[in-house]
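Visitor: Each chain is listed here by its residues.
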Amino acid sequence: EAAVTQSPRNKVAVTGGKVTLSCNQTNNHNNMYWYRQDTGHGLRLIHYSYGAGSTEKGDIPDGYKASRPSQENFSLILELATPSQTSVYFCASGGGTGTSYEQYFGPGTRLTVL
Amino acid sequence: GQQVQQSPASLVLQEGENAELQCNFSTSLNSMQWFYQRPGGSLVSLFYNPSGTKHSGRLTSTTVIKERRSSLHISSSQTTDSGTYLCALDDQGGSAKLIFGEGTKLTVSS
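In order, the protein sequence lines correspond to chains A and B.
The numbering used here applies: residue 4 is where the first sequence begins, and numbers increase by one.
The numbering used here applies: residue 845 is where the second sequence begins, and numbers increase by one.
Next comes chain A alone, as it looks inside the complex (with noise of 0.2 Å):
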């Protein structure tokens, strides 16, 4: 199975403070994904990634940008962080293996933004 990986598991932030998480995952998969998981609003995807250099926008990119630096990692970064972004953050990557694009999890990380 996948194995990803984030840090921290938890983080708390100040309002207008510089959040970064990271994301590791050691299967050579060329996608990887940054969703959040809000009560009453299911998993959104904020941004997505083909392979190391690229980044795409998901479903609410706004206030976050990612950095995928290499093909094992991958990073979400909050420049002015808001209260409105605390929530439960996961990773996710996949393989993208002719046409099959399924996705293994990290453990996630808890963001309060006080």
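If you're looking for bench data, these hints aren't it; they were derived computationally from the structure.
In this text the structure is predicted, and so the values were computed from the model without any measurement.
Hints are not guaranteed to be accurate.
[Said to hold, decoys possible] Taking beta-carbon pairs under 7 Å as the criterion, some of the chain A residues facing chain B (in silico):
no.	residue
1	G66
2	Y67
3	P110
[Said to hold, decoys possible] Rough simulated footprint, nothing fancy, chain A against chain B, three-plus residues with beta-carbon under 8 Å:
no.	region
4	853-866
5	869-881
We put the CB at the ideal spot given by N, CA and C, even for glycine.
Starting from the known structure of chain A, fit chain B onto it as the hints suggest.
Guide: Here is chain B on its own, set in the frame of chain A:
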């Protein structure tokens, strides 16, 4: 409109009963992925099923493209099956994105 609809939204069972969870979709499908999420936990992939039936222990996934539906059957439920089950559509748009349903919350009591 919503492209993936899950039903029921919640389900309560006695241990030992079977469960049938449904996912209906309105767009073309490349595959359907089923996930399990324990409260406070991450998403664990159960099946990636483009068509037909797949089995894993007490779990069975069936995807019928013509009828635009996918189902997850849990036999002989256990209290440890409690949690939320999510289906996600991998469409044929080539975007590598999944479209998630809202989930079915399953509670199994002893």
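Visitor: Take the hints in turn and mark each one as holding or not.
Guide: Okay, the hints, checked on the actual structure:
no.: 1; hint: G66; verdict: 20 Å, violated
no.: 2; hint: Y67; verdict: 16 Å, violated
no.: 3; hint: P110; verdict: 5 Å, holds
no.: 4; hint: 853-866; verdict: violated (count 0)
no.: 5; hint: 869-881; verdict: holds (count 4)
Violated hints, listed in ascending order, are 1, 2 and 4; each of the other numbered hints is respected by the structure.
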